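Read top to bottom, the protein sequences are chains X and V.
At position 441 of the first sequence the residue is numbered 441 (our numbering), and the sequence of numbers has no breaks.
Quick note: to get our numbering, add 1000 to the position in the second sequence (first position is 1).
Hints listed in this document are in silico derivations from the structure and should not be mistaken for laboratory results.
Remember, predicted model here, so these are calculated numbers, not experimental data.
Hints may be right or wrong, so weigh each one.
Computed list of lysine-lysine pairs in BS3-like fashion (alpha-carbon distance at most 25 Å, straight line) [what the hints assert, rightly or not]:
id	chain 1	residue 1	chain 2	residue 2
1	V	Lys-1344	V	Lys-1333
2	X	Lys-219	V	Lys-1344
3	X	Lys-344	X	Lys-333
4	X	Lys-333	V	Lys-1333
What follows is a set of in silico ranges between Cβ atoms, one per label pair, in the way DEER data are often shown [claimed, not checked]:
id	chain 1	residue 1	chain 2	residue 2	range
5	V	Asn-1061	X	Arg-88	28 to 36 Å
6	X	Ala-419	V	Ala-1029	26 to 34 Å
7	V	Ile-1429	X	Arg-254	52 to 60 Å
8	V	Ala-1301	X	Arg-359	48 to 56 Å
9	X	His-414	V	Ala-1004	16 to 24 Å
The C-beta atom is built at its ideal place from N, Cα and C for all residues, glycine as well.
Protein chains: 2
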Amino acid sequence: MIPAGSALFTDFYELTMAQAYLSEGLADAWATFSLYIRELPPTRNYAIACGIEDALTHLENLHFTASDIDYLRSHHAFSEDLLACLRRLRFEGDVYAVPEGTAVFPGEPILEVEAPIIQGQIVETYLMNTVTAQTTLASKAARMVTAAAGRPLFDFGLRRGHGGEGGVRAARAQYIAGIDATSNVLAGKLYGVPVSGTMAHSYVQAHDSERDAFCAFLKSYPEAILLVDTYDSIAGVRRVTELARQLGDDFRARGIRLDSGDHDALSRQARQILDDAGLAHMTIVASGGLDETAMERLLAAGAPIDGFGVGSALSAVTDAPTLDTAYKLTEMKGAGRMKLSAGKRTLPGRKQVIRRRERGIAAEDVLARAGEPLPGEPQIEQVMSEGERVCQRHGHIAAARERCRRQIETLPAHIRALAPADPPYPISISPALLQLSGQIAATLR
Amino acid sequence: MIPAGSALFTDFYELTMAQAYLSEGLADAWATFSLYIRELPPTRNYAIACGIEDALTHLENLHFTASDIDYLRSHHAFSEDLLACLRRLRFEGDVYAVPEGTAVFPGEPILEVEAPIIQGQIVETYLMNTVTAQTTLASKAARMVTAAAGRPLFDFGLRRGHGGEGGVRAARAQYIAGIDATSNVLAGKLYGVPVSGTMAHSYVQAHDSERDAFCAFLKSYPEAILLVDTYDSIAGVRRVTELARQLGDDFRARGIRLDSGDHDALSRQARQILDDAGLAHMTIVASGGLDETAMERLLAAGAPIDGFGVGSALSAVTDAPTLDTAYKLTEMKGAGRMKLSAGKRTLPGRKQVIRRRERGIAAEDVLARAGEPLPGEPQIEQVMSEGERVCQRHGHIAAARERCRRQIETLPAHIRALAPADPPYPISISPALLQLSGQIAATLR
């Protein structure tokens, strides 16, 4: 297990660069780094920023243990001066970020770090890892919430998602993005995410017949959702109606779950069978290989599905399993810095994103220099000052979830939609930022 | 952070099923579960089993804490009898598995659990999560190793891969699959994976000129690999040759890294420039957006690249970010069990995989009943007995890496290759397993 704030969660080159900075006398030079998405995948019109809470926890607790230092010493690549400096290392910088649940677009900082360069550099890997992973997961979840069109949406994805704690944090990110509940019990305990779930195929198989399994389960959970597709979905639904007839008023199962096959056809047949048996109040939950496109198509076709369970497509983000994030130096000792690599050009200095709304709907984002007085709603706020949080944690997840809901609600309809947005959401660069950028680029090469 | 063996790392329905089993008097009924890949993604001809070591550590340490029980009680969904049973829960089962680094094919058990059904059920989520994630990562890495064709291959992927500890375990899985080194320092400390890395663009940007940056870095690391593409790759290479001329014998940089642009054209130009400057010994490392297909194409075209750094494609497994794994009940109280769902049919009982070789090359796998006497090499071995490991851990990673190398080396050439194998690797079902399967299926529905 990785203790919170383990500074060894880093790339080796962060440490060789630290060595070089120390040798050059640059250890205490302040630098600004900006973490942002370079480009969105073709199937994303926006991203939902997430992972910032974990990032701040890491920064608050940043440290190398004595045994970390011993391990580093064993490489014979670092001076004792550097090792002593690392052993003392704490994060003393300022951090600016958008709140979790904010809709973000390419080039817009999700998080900015101002710190002595060794500190800002060493934390790069963790900040990128946690923000990228959680933003990737939240952004996918947001699309699924859109596709479910108000129907309950359950996360069943832990088993095929990120390994270990990443899988638990995923449930948090997905909840912020609007998923209603998760099967992930640890996420329930750690983050207060609502949990749900009833039965698996193995439970049905463990009994001599499907009927025995349903009866036994309803004794423990009278209002369960019964999984009907272990042997034959339609036969399973009929078994439910037989049981309802036999048990009479004692039958209180709330619904059925279809986990395989043609969800459209099966849900229609199931609905008919349930309705004919006087079980119109029973709901139909669909799961098994569903993604947002399939969900949208099923609902558009009129499939009588009342809720969805999603697994791999959500937790492994099968269409876009990562985001093209970057963490770039934008300022050094007060002077703006840029990179001009092909396709990876950066903009200098600390920034602000101003969202301009028209009649309540987001009309344009302006990428500006920090502090530039422009009309609109600034998205980035200071969250850490000299290594200490300056934001509240209390009620954070609920607030982030509500923010996310409002942010998505106020995006233009074609940006919210699943289809690739044409045109994409408009982002402009402020005149002041353009001017600074031009000045600095001219001095490079 | 999640403590080792946290039984709360589970899906909620594992617990509702546990409640039902307990109420039915089935808590102590022994059951067999089988974890396997249902189908491989189109871009995988085989998978490399990984994650078993973590799975066993989880089982060895399995427990619910008092606060876990309090959390479960708060759901008002579980009896005090069940909560008491969970508080006492330890894993007491037997486990059979293929060793890490084994090449596996669809339907072949990676791991089988025989245990009291509540135990076998509660661990499902963790076992699937860790084996799926790490097998997914190792399987991708193996393809990249093939593509690199003997050239050094470096993992730079932590920043855009699985969140948290999953990212650290990824480096271990990738090393088993043959990656030479990782940038991931924590993986180096925890697992002994070799680490490497030199400089980032930010280091170049932090200096007033690229030349200053190279000079400063070489003072700390005279044999560094210099990153040349911060402003203009070819200008960067020329800067390296100028520096070599000026420093004379003091210039000992080992190579350059190209991290953007057209790797084919740039590597050829860079090679020419270096050779013309008498720097034929300097190596060229390519990185930036590379996957196994790009690597294979570059080498086939004759690009003079001596090593590769891979990031997102490796760590986020962009083409196939998860595997279609299952964990299915195959036996209950000594009787084989099956599931007949559309496209998800299972085979009953505990199994063995027999690999038959011809002239040293794998010719066919036979999926058989455990203990069935068949010619060939059995792949599955017992790894845990009554909750205790029966396998050695010492030297495990090196052994797994060597096993993986030999396993891949002895696959048929078209299975090892990157292109989809046609025909796929042959897998047959033994007559005894077929017969049992037919008998049981006839009793179902």
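To see whether the hints hold, each was checked on the structure:
1. Restraint check for Lys-1344(V) and Lys-1333(V): the C-alpha separation of about 23 Å stays at or below 25 Å, so the hint holds.
2. Pair hint Lys-219(X) plus Lys-1344(V) does not hold up; C-alpha atoms about 28 Å apart against a cutoff of 25 Å.
3. Taking the CA atoms of Lys-344(X) and Lys-333(X), the gap is about 23 Å. The hint holds against a cut of 25 Å.
4. With a C-alpha separation of about 71 Å, the suggested pairing of Lys-333(X) with Lys-1333(V) is violated against the 25 Å cut-off.
5. Checked against the hint of 28 to 36 Å, the pair Asn-1061(V) and Arg-88(X) passes, with Cβ atoms roughly 34 Å apart.
6. The beta-carbon spacing between Ala-419(X) and Ala-1029(V), approximately 50 Å, falls outside the hinted interval of 26 to 34 Å.
7. As the Cβ distance of Ile-1429(V) to Arg-254(X) is approximately 40 Å, the hint placing it in 52 to 60 Å is violated.
8. At about 54 Å, the beta-carbon gap between Ala-1301(V) and Arg-359(X) stays in the expected band of 48 to 56 Å.
9. Separated by about 48 Å at the C-beta atoms, His-414(X) and Ala-1004(V) break the suggested range of 16 to 24 Å.
Checked against the numbered hints given earlier, the structure breaks hints 2, 4, 6, 7, 9 and satisfies all the rest.
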